[in-house]
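Asker: Sequence:
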Amino acid sequence: MAAALLLLVPPVGLLAALAFLTRPRAARIPLKGRHVFITGGSSGIGLALATAAAREGARVSILARNAARLDDARAAIRLATGQDVGVHQADVRDAAAVARALDEAGPVDVLVCNHGVFVPQELEKQDMEEVKWMVDINLMGTFHLIKAALPAMKARTRETSLPASIAIMSSQAGQVGVYGYTAYSASKFALTGLAESLQHEVVSDDIHVSLIFPPDTETPGLVEEKKKRPELTTIIADSSGGMKADDVAMKALNGIKSGRFIVPCNFEGAMLAIATSGLTPQSSPLIAFVEVIGAGLMRFVALCFQWNWFSTIENWYAKNKKHG
Numbered sequence: 001m002a003a004a005l006l007l008l009v010p011p012v013g014l015l016a017a018l019a020f021l022t023r024p025r026a027a028r029i030p031l032k033g034r035h036v037f038i039t040g041g042s043s044g045i046g047l048a049l050a051t052a053a054a055r056e057g058a059r060v061s062i063l064a065r066n067a068a069r070l071d072d073a074r075a076a077i078r079l080a081t082g083q084d085v086g087v088h089q090a091d092v093r094d095a096a097a098v099a100r101a102l103d104e105a106g107p108v109d110v111l112v113c114n115h116g117v118f119v120p121q122e123l124e125k126q127d128m129e130e131v132k133w134m135v136d137i138n139l140m141g142t143f144h145l146i147k148a149a150l151p152a153m154k155a156r157t158r159e160t161s162l163p164a165s166i167a168i169m170s171s172q173a174g175q176v177g178v179y180g181y182t183a184y185s186a187s188k189f190a191l192t193g194l195a196e197s198l199q200h201e202v203v204s205d206d207i208h209v210s211l212i213f214p215p216d217t218e219t220p221g222l223v224e225e226k227k228k229r230p231e232l233t234t235i236i237a238d239s240s241g242g243m244k245a246d247d248v249a250m251k252a253l254n255g256i257k258s259g260r261f262i263v264p265c266n267f268e269g270a271m272l273a274i275a276t277s278g279l280t281p282q283s284s285p286l287i288a289f290v291e292v293i294g295a296g297l298m299r300f301v302a303l304c305f306q307w308n309w310f311s312t313i314e315n316w317y318a319k320n321k322k323h324g
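Note that this note's numbering numbers the sequence shown so that position 73 is 73, with each residue one more than the last.
These aren't lab readings, by the way, just hints derived from the structure by calculation.
The model shown is predicted, which means the values in this text are computed figures rather than measured ones.
Among the clues, some could well be false.
Below, in silico cross-link-like pairs of lysine-lysine (DSS-like), each with a Cα-Cα straight-line distance of 27 Å or less [stated by the list, open to error]:
id, residue 1, residue 2
1, Lys226, Lys244
2, Lys227, Lys321
3, Lys125, Lys257
4, Lys319, Lys32
5, Lys132, Lys251
6, Lys132, Lys226
7, Lys227, Lys154
8, Lys228, Lys125
9, Lys32, Lys244
10, Lys244, Lys257
11, Lys125, Lys321
12, Lys154, Lys32
13, Lys147, Lys32
14, Lys147, Lys251
15, Lys257, Lys147
16, Lys32, Lys257
17, Lys244, Lys228
18, Lys321, Lys226
Using C-beta positions, here's what the derived DEER-type ranges look like [to be verified]:
id, residue 1, residue 2, range
19, Met250, Arg93, 25 to 35 Å
20, Asn66, Ala96, 16 to 26 Å
21, Ile313, Ala17, 40 to 50 Å
22, Asp71, Lys321, 44 to 54 Å
23, Arg23, Asn254, 13 to 23 Å
24, Gly193, Ala155, 18 to 28 Å
25, Asp71, Phe20, 43 to 53 Å
26, Ala16, Glu218, 40 to 50 Å
Heads up, the beta-carbon is just placed ideally off N, CA and C, and yes, glycines get one too.
Let's have the full structure, built from the sequences with the hints guiding it.
Answerer: Laid out in structure tokens, this is it:
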């Protein structure tokens, strides 16, 4: 009924109403000459983000666990951009080590929480230590970074009168649950609650939160993950296209610079963003318009996808029981 009434509202009038309602207000977040701190910056999406930010004239710092990979990343970024970057070795599970790294790096203007680990497995078969490992890195590591960086970020925005950003790298598995992703999806879905609440807490400090949802991305981590995926996970996950790390980095960086809260990286991600928009913040009246008009249709599309996934699972188990 509500959707039908919305269709009776002239599009111009609806857009005007959405321009009034959308919050937080749109912002442009400059990178040139500003400090961008990226975790998981020694490879994959993190390395691609660090390289792209350095090309735009940002002062870049990267954090990771492996010192040798950090040195290799610094050399690669210097070769690609002519810019040097700061490197910091720490495990994001160690709050004290994270705080020391951020203190050494200095006040941050754009914090990119890009770290993450993933081992696909049915929950019944997965060791609880492995579950805890994923939650500690993917979720608690993000808390440690934001908690350590926030006081100086707030002081920095007051000093410069420029907007800042906290970007959190989630996953399309943080928008929809998939067979074999029980622990991983739980750690990524939790980031949405973190990001939504955090945006309320920092909006008055002119800090904009971005939640990025990449699909499968060609990284060293994905190569290892695919070796361990359950067969059903591979069948379902392969229905969504993958991306190169450089392309994800560009989409992510553009979303960060425009202060967008939800940052999808491909067509499937954009559809998922509409389907799961719910009560997420939205600064763009145009995207809000698409969400309002498309929500009902996307629910139907989502049901079609779920029908296909459940049918795949039922057929796979029926086939394997027959041959078992």
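Asker: When the structure is checked against the list of hints, which entries are broken? Sort them ascending.
Answerer: Hint check: 3, 4, 5, 7 fail, others pass.
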